[in-house]
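Asks: Residue numbers (the working numbering), protein chains in the order written: chain A, 1 to 129; chain B, 1001 to 1504; chain C, 2001 to 2464.
Hints are computed from structural coordinates only; laboratory data are not their basis. Treat the hints with caution; some may be incorrect.
Claimed, not checked - Taking lysine to aspartate or glutamate pairs in the DMTMM-like style, the calculated list, with each CA pair at most 25 Å apart, reads:
{"#": "1", "chain 1": "B", "residue 1": "Lys1490", "chain 2": "C", "residue 2": "Asp2308"}
{"#": "2", "chain 1": "C", "residue 1": "Lys2297", "chain 2": "B", "residue 2": "Glu1485"}
{"#": "3", "chain 1": "A", "residue 1": "Lys107", "chain 2": "A", "residue 2": "Asp37"}
{"#": "4", "chain 1": "B", "residue 1": "Lys1318", "chain 2": "C", "residue 2": "Glu2056"}
{"#": "5", "chain 1": "A", "residue 1": "Lys54", "chain 2": "A", "residue 2": "Asp42"}
{"#": "6", "chain 1": "B", "residue 1": "Lys1404", "chain 2": "B", "residue 2": "Asp1484"}
{"#": "7", "chain 1": "C", "residue 1": "Lys2378", "chain 2": "B", "residue 2": "Glu1046"}
{"#": "8", "chain 1": "C", "residue 1": "Lys2297", "chain 2": "A", "residue 2": "Asp37"}
{"#": "9", "chain 1": "B", "residue 1": "Lys1404", "chain 2": "A", "residue 2": "Asp29"}
{"#": "10", "chain 1": "C", "residue 1": "Lys2041", "chain 2": "B", "residue 2": "Glu1328"}
{"#": "11", "chain 1": "B", "residue 1": "Lys1118", "chain 2": "B", "residue 2": "Asp1329"}
{"#": "12", "chain 1": "B", "residue 1": "Lys1318", "chain 2": "B", "residue 2": "Glu1328"}
{"#": "13", "chain 1": "B", "residue 1": "Lys1170", "chain 2": "B", "residue 2": "Glu1250"}
{"#": "14", "chain 1": "C", "residue 1": "Lys2297", "chain 2": "A", "residue 2": "Glu110"}
{"#": "15", "chain 1": "C", "residue 1": "Lys2446", "chain 2": "C", "residue 2": "Glu2404"}
{"#": "16", "chain 1": "B", "residue 1": "Lys1404", "chain 2": "A", "residue 2": "Glu33"}
{"#": "17", "chain 1": "B", "residue 1": "Lys1240", "chain 2": "B", "residue 2": "Asp1329"}
For clarity, every value in this text was computed on a predicted model and none was experimentally measured.
Chain by chain, the residues run as shown.
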Amino acid sequence: MARPTNLKYTSTHEWVRVEGDVAVVGITDYAVEQLSDLAFIDLPEKGTMVEKDKRFGEIESTKSVSDLIAPVSGEIIAVNSGLADDLQRISSSPFDDGWMVRIRMSKPPEVSSLLSADAYASHILTQDH
Amino acid sequence: MDENDSPSTRLESERRAEPTIFELSRPGRVGVLPPECEPDLPPLEECIPDKFRRKDAPQLPEVSELEAVRHYTRLSTRNFSIDNTFYPLGSCTMKYNPRLNEVAAGKPGFLYAHPMQKAEEVQGILEAMHALTEILAEVSGLPHLSLQPAAGAHGELTALMMVKAYYLEKGAKERDVVLIPDSAHGTNPSSCTIAGFRTREVKSNGEGTVDMEDLRAKLGPDVAAMMITNPNTLGIFESKIGSISSLLHEAGALLYMDGANMNAILGVSRPGDFGVDIMHFNLHKTFSTPHGGGGPGAGPIAVNAALEPYLPVPRIVKSPQGSYVLSEDHPRSIGKVRSYFGNTGILLRALAYAMAHGPKDLRAVSEYAVLNANYIRAALASAYHLPYVTPSLHEVVFSAKKQKQRGVRALDIAKRLIDFGFHPPTIYFPLIVAEALMIEPTETESRETLDGFIRAMLRIASEAETSPQTLHEAPQSQPVKRLDEVNAVKTPVLVCPCEAPVTA
Amino acid sequence: MAYLPHTAEDRREMLKSLGLGRLEDLFPGIPEELRLRRDLKLPPRRSEPEILAEFEHLAARQSRIDDRPSFLGAGSYRRFVPAAIDYLASRGEFNTAYTPYQPEVSQGTLQAIFEYQSLICRLTGMEISNASLYEAGTALAESVFMAHAVRNGATKVLVSEGVHPEYRRVLSTYVRSHPLELVTLPLESCVTPWRRVADAIDKAGASAVAAVVLQTPNFFGCIEDAPAFGKGLAPLPEEGRPLLIAVVDPVSLGVLAAPGSYGADVAVGDGQGLGNYPAYGGPTFGFFTTRMSHVRKVPGRIVGETKDRDGRRGYVLTFQTREQHIRRERATSNICTNQGLLSLRGAMYLSFLGETGLRQVAESCARRARHAFEQLTKIPGVETLTPGPFFCEFPLRLPAPAEEVYDELGRRGVIGGFPLGRVFPDRSREMLFACTELTTAGAIAKLEMELRAILSTRGNSRSR
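Using the sequences provided together with the hints, build the complete structure.
Replies: Quick look at the structure:
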């Protein structure tokens, strides 16, 4: 899949779309592929404060549990609550309908430490030894 | 005619679903009944007021005794078991479960001893338990035992609670971290959490053993203990265990050993001698007690003198007169970790097993366990990737890396082995090896069995090259094929559905 | 050597194939200084007949509760175990099978567990069950941890004093490193008044209370007014309502109201009474049942129904991501067992006895216990401790120290009731008598006769 170049990425396989002072966050196609059968997602409630590089939720397949790591710090202002009943969306449209949370950033400069699409692609290659 | 009325081939009949016990029920059918009540006993209404009585009937099965016997007999045939199949499950030590142990432990004098009877009333059991503690003390090199824990994970938890108590008494609250190798079994970190510790991972090196530099880096004044398995989950002996233990002790920390792999070193090397302070045994592994489809087990713990005060109560004490008492007089004990004494029936089975082995016999158990594992290792090393060249003891870990290039995963290899009549090895553990296949044959397997397993594994390796589709479709030989585990979570059905409530 | 199939030739050839000469050469990774340089100091090997003889000798040195009248209960009971169960459960296909991680070759075990889960849910009136836990004490501890997790970190747990003292001891050990505070609810006339619970909840604030734990019948044999607890908790808003954890005797549910019917959120207990032996405490199993909404926080293994690739019905371990092998340090429980063989026996017991049989067992226990109560309370000096109803056990106050009465009964060929002073020092004259469906009228008559004789002798020898 050609990953959207307008997005930023993390080494823990989340993506970020910056919209002003809001970061929209989801997980990448690579993460989805690693998880195979998605079974459950645990997302925080609106209003929760999250911290960069700390866990903000969980996603499960039948055989594994993966943390969702916040790419930036801030307040959760929206949650894609429909995902819980329709995990398919994450597999079929990870960068779009599969979005997970919107974060109002408390430290916008954090965005600069995120990876570009190319840097992320290189990162994946080093993981797959 | 429905499916069950048509004639079938042998394979088809084995594949037919076994109805549930509820599907076999018919209203009014009666199974086994207790003795009748004498007519002059008080009527039920006088015993239990209406407001406490059950209003809805539970809807338990209504089958005849013969139907129930057939149902369970048929169910039993839908299982692999040690009695009918080779089970090279790494880390599980699936050795023969001697029938002698069942007969010995099954005597009515043991079955009908009540757990609240006094010590004087159960001297035979206490003598047996005491004998077992002496054997485990000698095998471990650690003098003080508790037989209370009901399973290995329970033993881990008990031990960690003791470690917690030890440091709390010293006023060292800050020691709240336990170091765990990245190859550890999942019970290790989860037991830490329940005992109130945080965990910190220590990496393994290219030889498959603890990376000493990483250990030094992770060892701080907040570390209470390190949990290791030795040999580790790769089957490799931690040859630097002496240094590991010294490092920890110098830093004021303790060394805990998960005894799951004791089958490799019985009479060869003793944990107490290589610096372990506290360990647990898995009697359902090393001491042959049966796994029972997932339990029961027993996880006794052995500790050194410094930790002895914290052992659970009650403890068996042999009086100078030679009788046995149960002592609760241990004020620094962590208390009880389960009701009553322990999994006595399992402890008795382990004792019977131990009594069948003299000192040289126990050592032979390990020698032949290691011989069998290495025999398999050598035979499969060309066909399967061996992630570590370090010698392994009683178990060997391969990776299905080569096969993955053809789209065949450890899971497919496991499922295909079933078609050859073998239970698969442990797969996807330890986590540090991708597509892991952990093989532990144990010492009770003959060379012919090992040869048959080797031939099957080699055949599967070649199928991976020539016809990988066969592996994806395996198993074909069982009453069911691969099952949909995703659906089991998405649309859970965890009980048989009930008919509408029936008034009692 | 025991159980080793290798011949000398096998050993030679296998070593040769490895390029080795001796078995000792198989341990190169063990440094010399760590090798045991002597034989283990263990007794010499014994043969099968010798081991059996030794075990016969050990077995003969117990005073058993089956070969003489016995009234000892206190959580472990001599019950009728259908003969077929021993035969079926000892089949190697059940007994020597492993945990069913490979479902295709474990459908026997998996279906048996699924049926067990179904049976125990029907019995308790609860929605879901796990595949079982070690025993009741740890099952209680696990239920409290679950309540703490479900109730968003509420830390107080109200525990009735009527809960078995062994289970309470285990619970207090388990919660030690956790921010959980156990508050004991004292008994009045051997039962727990709801009023006390209501006061305790008011005092703490409902949102601070994670759970209320009640045992019925309680340790003293008395039937608690559990429906009052359910009704009392019901008006509280769901987010602020403590979980009601009921500790129950599964056999009693043949006649007593099921926890599901009075609003219990969790029902746990010991499965010894379901087809297993007292066996000096173990092995046994603990059952754990609860609401479907809590499934992701339930400890232990769970089996679910599903289909295979060809659409056939089959069974698998499910919701495995809760468990330690996946969630590791984030698992809410470290348990790595289901007491497979014991819960299988429990399922068999419920199947063999069935709807009619279990009800008859429970009724028989209650009627025999009532009969014993009526006979024993006729003895001069013997007093009842509770006006309320009981199931199969009841406490009595004796005009003599219960421990001495127990010993004297023992000399007369009767195993008495449990002397409560062993656990409650201020109850040294109280004894807890249990009857089961196997307690004959003759046994009760013998107890009455001996107890009457013992107490009258003591009465006469006391100075006035």
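Asks: Decide, hint by hint, whether the structure agrees.
Replies: Now the hints, each set against the structure:
Between lysine 1490(B) and aspartate 2308(C) the alpha-carbon distance is near 15 Å, which keeps this suggested pair within the 25 Å criterion. Among the hinted pairs, lysine 2297(C) with glutamate 1485(B) is consistent with the structure: their alpha-carbon atoms are about 19 Å apart, no more than 25 Å. Straight-line distance between C-alpha atoms of lysine 107(A) and aspartate 37(A) comes to about 35 Å, which puts the hinted pair past the 25 Å bound. About 21 Å separates the Cα atoms of lysine 1318(B) and glutamate 2056(C), which keeps this hinted pair within 25 Å; it holds.
Restraint check for lysine 54(A) and aspartate 42(A): the C-alpha separation of about 15 Å stays at or below 25 Å, so the hint holds. About 22 Å separates the Cα atoms of lysine 1404(B) and aspartate 1484(B), which keeps this hinted pair within 25 Å; it holds. A C-alpha spacing of about 18 Å is found between lysine 2378(C) and glutamate 1046(B), which places the hinted pair at or below 25 Å, so the restraint holds. Under the criterion of a C-alpha separation no larger than 25 Å, the hint pairing lysine 2297(C) with aspartate 37(A) is consistent with the structure, at around 21 Å.
For a cut-off of 25 Å, the pair hint linking lysine 1404(B) to aspartate 29(A) stands: about 21 Å separates their Cα positions. For the hint pairing lysine 2041(C) with glutamate 1328(B), the CA-to-CA distance comes to about 29 Å; that exceeds 25 Å, so the pair is violated. Restraint check: the Cα-Cα separation between lysine 1118(B) and aspartate 1329(B) comes to about 16 Å, which is no more than 25 Å; the hinted pair holds. Only pairs whose Cα atoms come within 25 Å are accepted, and lysine 1318(B) paired with glutamate 1328(B) is accepted, the gap being roughly 14 Å.
At most 25 Å may separate the alpha-carbon atoms for a hinted pair to count; lysine 1170(B) and glutamate 1250(B) meet this at roughly 16 Å. Simply put, lysine 2297(C) and glutamate 110(A) have alpha-carbon atoms about 35 Å apart, too far for the 25 Å limit, and the pair is violated. Distance restraint check for lysine 2446(C) and glutamate 2404(C): the Cα-Cα separation of roughly 18 Å lies within the 25 Å cut-off, and the hinted pair is therefore satisfied. Our distance criterion of 25 Å between C-alpha atoms is met by lysine 1404(B) and glutamate 33(A), whose separation comes to about 16 Å.
With a CA separation close to 39 Å, the supplied pair lysine 1240(B) and aspartate 1329(B) exceeds the 25 Å bound.
In summary, the structure is inconsistent with hints 3, 10, 14, 17 from the numbered list given earlier, while agreeing with the others.
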